[in-house]
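Colleague: Chains B and D, in that order, are what the protein sequence lines are. The numbering used here numbers the first residue of the first sequence as 453 and each following residue consecutively. The numbering used here numbers the first residue of the second sequence as 12 and each following residue consecutively.
Please note that a few of the clues may not be correct.
[What the hints assert, rightly or not] Taking lysine to any residue and the SDA-like style, the derived pairs with C-alpha atoms no more than 25 angstroms apart in a straight line are:
1) D:Lys177 <-> B:Ala630
2) D:Lys184 <-> B:Pro516
3) D:Lys158 <-> B:Lys769
4) D:Lys184 <-> B:Lys502
5) B:Lys874 <-> D:Ser65
6) B:Lys874 <-> D:Pro87
7) B:Lys738 <-> B:Gly749
8) B:Lys876 <-> D:Lys177
9) D:Lys177 <-> B:Gly713
10) B:Lys876 <-> B:Val836
11) B:Lys876 <-> D:Glu227
12) B:Lys634 <-> D:Asp173
13) B:Lys876 <-> D:Val75
14) D:Lys158 <-> B:Pro696
15) B:Lys734 <-> B:Arg629
16) D:Lys158 <-> B:Lys876
17) B:Lys835 <-> B:Pro696
18) D:Lys184 <-> B:Leu636
19) D:Lys158 <-> B:Val490
20) B:Lys788 <-> B:Asp740
21) B:Lys876 <-> D:Lys136
22) B:Lys874 <-> D:Glu227
23) B:Lys687 <-> D:Pro87
24) D:Lys136 <-> D:Val75
25) B:Lys600 <-> B:Gly702
26) B:Lys769 <-> B:Lys600
27) B:Lys876 <-> D:Thr193
None of these hints come from the bench; they were simulated from the model. Just so we're clear, the structure is a prediction, and the values are computed from it rather than from any experiment.
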Amino acid sequence: MTLLRSPIKQAILLSLFTAALSSTAAYAVEVNFVSGAVGKDIELFKKLVKPWEAKTGNTVKVVPMPSSTNDQFAQYRLWLSAGNADVDVYQTDVIWAPQLADQFVDLTEATKDVIKDHFPSIVESQTVDGKLVAMPLFTDAPALYYRKDLLEKYGASVPKTWEELTTTAKKVQEGERAAGNKDLWGFVWQGNAYEGLTCNALEWVKSFGGGQIVEADGNISINNPKAAAALDLAKSWVNTISPPGVLSYGEEEARGVWQTGNAVFMRNWPYAYGLGNEDDSKVKGKFDVTTLPTGGGHDKSAATLGGWNLAVSKYGKNQKEALDLVKFLASKETQKENALKGSKLPTIMSLYDDADIKEKQPIIPRWKDVFLQAVPRPSAPTKVKYNEVSSKFWSAVHETLSDEGTADENLEVLEADLTELKGKGW
Amino acid sequence: MTPTHVVSPSDKAELQSQRKRAALLFLVPMLAALVLVAAYPLFRSIYFSFTDTSLTNLYGGQWVGFDNYLSWRTLPSGRTIYRGTLVDQAWWNAVWNTVRFAVVSVSLEAFFGMMVALVLNAEFKGRGLVRAAILIPWAIPTIVSAKMWSWMLNDQFGIVNDVLMKLGIISQKIAWTANVDTAMLAVLIVDIWKTTPFMALLCLAGLQMIPKDVYEASKIDGVHPVKVFFKITLPLVKPALMVAIIFRMLDALRIFDLIYVLTPNSSSTKTMSIISRENMIEFDKFAYGSAQSTLLFTFIALFVILYIWLGRVDLSGDSK
Numbered sequence: 453m454t455l456l457r458s459p460i461k462q463a464i465l466l467s468l469f470t471a472a473l474s475s476t477a478a479y480a481v482e483v484n485f486v487s488g489a490v491g492k493d494i495e496l497f498k499k500l501v502k503p504w505e506a507k508t509g510n511t512v513k514v515v516p517m518p519s520s521t522n523d524q525f526a527q528y529r530l531w532l533s534a535g536n537a538d539v540d541v542y543q544t545d546v547i548w549a550p551q552l553a554d555q556f557v558d559l560t561e562a563t564k565d566v567i568k569d570h571f572p573s574i575v576e577s578q579t580v581d582g583k584l585v586a587m588p589l590f591t592d593a594p595a596l597y598y599r600k601d602l603l604e605k606y607g608a609s610v611p612k613t614w615e616e617l618t619t620t621a622k623k624v625q626e627g628e629r630a631a632g633n634k635d636l637w638g639f640v641w642q643g644n645a646y647e648g649l650t651c652n653a654l655e656w657v658k659s660f661g662g663g664q665i666v667e668a669d670g671n672i673s674i675n676n677p678k679a680a681a682a683l684d685l686a687k688s689w690v691n692t693i694s695p696p697g698v699l700s701y702g703e704e705e706a707r708g709v710w711q712t713g714n715a716v717f718m719r720n721w722p723y724a725y726g727l728g729n730e731d732d733s734k735v736k737g738k739f740d741v742t743t744l745p746t747g748g749g750h751d752k753s754a755a756t757l758g759g760w761n762l763a764v765s766k767y768g769k770n771q772k773e774a775l776d777l778v779k780f781l782a783s784k785e786t787q788k789e790n791a792l793k794g795s796k797l798p799t800i801m802s803l804y805d806d807a808d809i810k811e812k813q814p815i816i817p818r819w820k821d822v823f824l825q826a827v828p829r830p831s832a833p834t835k836v837k838y839n840e841v842s843s844k845f846w847s848a849v850h851e852t853l854s855d856e857g858t859a860d861e862n863l864e865v866l867e868a869d870l871t872e873l874k875g876k877g878w
Numbered sequence: 012m013t014p015t016h017v018v019s020p021s022d023k024a025e026l027q028s029q030r031k032r033a034a035l036l037f038l039v040p041m042l043a044a045l046v047l048v049a050a051y052p053l054f055r056s057i058y059f060s061f062t063d064t065s066l067t068n069l070y071g072g073q074w075v076g077f078d079n080y081l082s083w084r085t086l087p088s089g090r091t092i093y094r095g096t097l098v099d100q101a102w103w104n105a106v107w108n109t110v111r112f113a114v115v116s117v118s119l120e121a122f123f124g125m126m127v128a129l130v131l132n133a134e135f136k137g138r139g140l141v142r143a144a145i146l147i148p149w150a151i152p153t154i155v156s157a158k159m160w161s162w163m164l165n166d167q168f169g170i171v172n173d174v175l176m177k178l179g180i181i182s183q184k185i186a187w188t189a190n191v192d193t194a195m196l197a198v199l200i201v202d203i204w205k206t207t208p209f210m211a212l213l214c215l216a217g218l219q220m221i222p223k224d225v226y227e228a229s230k231i232d233g234v235h236p237v238k239v240f241f242k243i244t245l246p247l248v249k250p251a252l253m254v255a256i257i258f259r260m261l262d263a264l265r266i267f268d269l270i271y272v273l274t275p276n277s278s279s280t281k282t283m284s285i286i287s288r289e290n291m292i293e294f295d296k297f298a299y300g301s302a303q304s305t306l307l308f309t310f311i312a313l314f315v316i317l318y319i320w321l322g323r324v325d326l327s328g329d330s331k
C-alpha cells in the first residue's frame, strides 16, 4: 500500500510500464506495401500474408493502387523521387527495373540462397548492372481464351492462326446474332492507348515475324512489311469481330465483356482464368485457354512477358522487416498458395511439376508452353527511355486501329521518331 | 461649448503612416503564405525549365539555357534541325485541343448557365429546393463524376448507349471515349454537365442585382420580353457574366483531372496540362515538362491580361 502511495515509486513504476510497452512496439512494425489491384488481388494478398504476420508479429498494410500500370508507375516514381519513407515494399512491373533501379535496395545478398530456383530469364530482367532490383513474385503471359461451347456448336476448331481466329469469330458472331444474341462479339482484347496495347500489338507483330520493335542490340526494327500486315489484320477486327469500344478497353473491360458471356475469344492474362470459373461467372466451365495464334505464315506464336516483382524502397523505415516480407512472399510456399488461390504463375521452376497445382489448377503446368514463347518488351535495350518508346508505339498502333493513317505510314513515322529519340544510343 | 479638436496636418500624416504599418502587418502572414505556396513553386518550375533536371536526379540539373524550348544545330550536310517544345507537334496539338476545349465548353456553359439562372430567377414554388438541387453536379468531386461518366459512357454496358438505342436515336452502340471523333465530345458533355451550375449561380447573383423598377418601367411601356432581355437584362448582368467567364476560362485552360480519368492517352483530347505531366513523370523528361508548364503559365497570364484589357476598352466605350 505504502509502496504504491509514494509518488516517486508510482512514477518509476509507470515509466517502467511504458518502457515495456514501447519496446514491444519497436519489435512489431507495420510494413506498408503498395500494389495495383486487379480482380480479387487485395483480398487474396491479405490471406497470403497472414502466416507471416502471425510468425513475426508485424502487420502488413496494403495500399491499393489503380489497376493501370501507367498510373501506378507515375505515382511510384513521384514517391520515390521525393524519398517517401512511408512505403516499404513496392510491387513492380517487369519493365520497370531499369527505370527505377537507383531507388531500390540491392537484393542480391539477401536472396542468394533462393534466387537460383527462379526462372533465370526473369531474374535477369530484374537485374540492372549486377544489382537485383526486385524479387520475382509471379510471372504473367497472356493466352487466348475461347468458348468451348460456342466453338462446338458451330463445329469450329481452336484457331492456330490469327486469320483462322478472324473467320471463326465472324462465323460464330453472325450465327449467334441471327439467333437473337445481339450483344455477342467475336474477339475482345486490350486496345486502349496504354501499356496494354503495347503488349497486344507486340504479340501480333512478333507472331507475324515482324520483330520486337527494338531488338536486344538496340536496333529499331519496327518498320517492316510483316509488322504492317499484322496491324492491318488487327485493324480489320475493330467494329467487325471486336466492339468499336475495344479501343478504350483495358484488361478489366475486356474481362467484363467476356465474363458476362458476350465474347467468343479473349486475349488476357492468367488471372482471368480463376475469376471466369467462379460461381457468379456466366462462362463458368464453358471455356478453355490455349497459346496465342500465329499469323502471316509465320510458325511461332508470341506472348508478351509480364509479371510482377517485389522491390524494397531505399527510403523505407522498416527495411529489415520489408526484406523479410519480400523473401516470405517470393518463397516457394507462398507462390504455391498464390498459384492455387489466384491462378498466378509461379516464378519458381519446380512448382510447374507440383502435384497439388496440377490437380487444382491444371492450367498452370500447361502455361509453361505459353511461357516458353514469351517475348520481352524492349525495356532492357531502351533503358530509361522505355516508357517513351512504348508510348510512341502504342500511339502509332492506336492511330492505325482508329483509321488515322495506314499501318505503313504510321510505322514509317514511328521509325523516324524512335531514331530521333535514340539519338547516339539508348 | 464643446472643445473642438483641431487636427494638424502632421497628426494626419502620422495617422496615415500608422494605418499603413498596421495594414502591412496584417498582410504579412498572407504574403508569406503566398510566397511559400505560389511564388516559390512557380519560380522553381520556371528554373527547372532551363536545366536538364530529371526525376531520378532532381537536384543535379545543369543549366542548359533555352534548349528545352528551342534549340537548333546545323548538320554537316548543311541541314538545320530544330528541337524543343516550340517545334514539338505533340505540344501544338495539345495547345489546339486546350483552346478548342476552353472556347467551346465555356461558351456553352455560359449559354446554359444563363438559361438556368433566368429560370431560377423567376418566382415559383420550391425555388429554394431547385436551387440547391442544381448545384449537385458542381459539388461532386471531378474524379468521382469523371469515373461515373466513364461507366455511363461505356460502349457495352453504359447507360447512355442503352437509352439512346432504346429511343432509336442511334442504331449501333457508340464507343464514346475510344473513338477519336467522339472523345472530345464526351469530355465536353461531362464538363458542361459539371460546371453549368457554377455558371448559373454566378449569373443568378448578377440577375438579382438588377433593380426591379427597370423591369416595371419596361412593362408599363409594353416592351417585348425578348427586347427586354437584350436591352436590359444582358447589359446589366454583363459585369457578373464577364467575371464568371474569366473564372471558368482559367479553369478550362488548365483542365486536367476530367481528361486524365476519361480519355487519358487519346491524342485528340490531350491538353497542355496532360502533356506536361506526361513528360515530367512518365517520360522522365522533368525539365522538358517544366518548360511546357511554364509555357502554359505564360499562356494563361497573357490571356488574363488580354481579357482584362479588352474588358476595360469595352466598358469605356459604354460610358461614352
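Colleague: Are the hints correct? Go through all of them and say.
Modeller: Structure-based check of all given hints:
1. D:Lys177 <-> B:Ala630: 19 angstroms, holds
2. D:Lys184 <-> B:Pro516: Violated: lysine 184 (chain D) and proline 516 (chain B) sit about 33 angstroms apart, past 25 angstroms.
3. D:Lys158 <-> B:Lys769: 35 angstroms, violated
4. D:Lys184 <-> B:Lys502: Violated, at roughly 46 angstroms.
5. B:Lys874 <-> D:Ser65: 17 angstroms, holds
6. B:Lys874 <-> D:Pro87: 19 angstroms, holds
7. B:Lys738 <-> B:Gly749: 30 angstroms, violated
8. B:Lys876 <-> D:Lys177: Status violated; Cα separation ~58 angstroms.
9. D:Lys177 <-> B:Gly713: Within the cut-off at roughly 22 angstroms; holds.
10. B:Lys876 <-> B:Val836: 14 angstroms, holds
11. B:Lys876 <-> D:Glu227: Distance of about 78 angstroms is beyond 25 angstroms: violated.
12. B:Lys634 <-> D:Asp173: 13 angstroms, holds
13. B:Lys876 <-> D:Val75: 19 angstroms, holds
14. D:Lys158 <-> B:Pro696: 20 angstroms, holds
15. B:Lys734 <-> B:Arg629: Between lysine 734 (chain B) and arginine 629 (chain B) the Cα gap is close to 18 angstroms, so the pair holds against 25 angstroms.
16. D:Lys158 <-> B:Lys876: 42 angstroms, violated
17. B:Lys835 <-> B:Pro696: 34 angstroms, violated
18. D:Lys184 <-> B:Leu636: Holds, at roughly 13 angstroms.
19. D:Lys158 <-> B:Val490: Holds - the C-alpha atoms of valine 490 (chain B) and lysine 158 (chain D) are around 17 angstroms apart, at most 25 angstroms.
20. B:Lys788 <-> B:Asp740: Within the cut-off at roughly 22 angstroms; holds.
21. B:Lys876 <-> D:Lys136: Roughly 73 angstroms separates the two Cα atoms, so the pair is violated.
22. B:Lys874 <-> D:Glu227: Not satisfied, since the Cα-Cα distance of roughly 73 angstroms exceeds 25 angstroms.
23. B:Lys687 <-> D:Pro87: 41 angstroms, violated
24. D:Lys136 <-> D:Val75: 66 angstroms, violated
25. B:Lys600 <-> B:Gly702: Between lysine 600 (chain B) and glycine 702 (chain B) the Cα gap is close to 24 angstroms, so the pair holds against 25 angstroms.
26. B:Lys769 <-> B:Lys600: Given that 25 angstroms is the threshold and the Cα spacing comes to 51 angstroms, the pair is violated.
27. B:Lys876 <-> D:Thr193: 40 angstroms, violated
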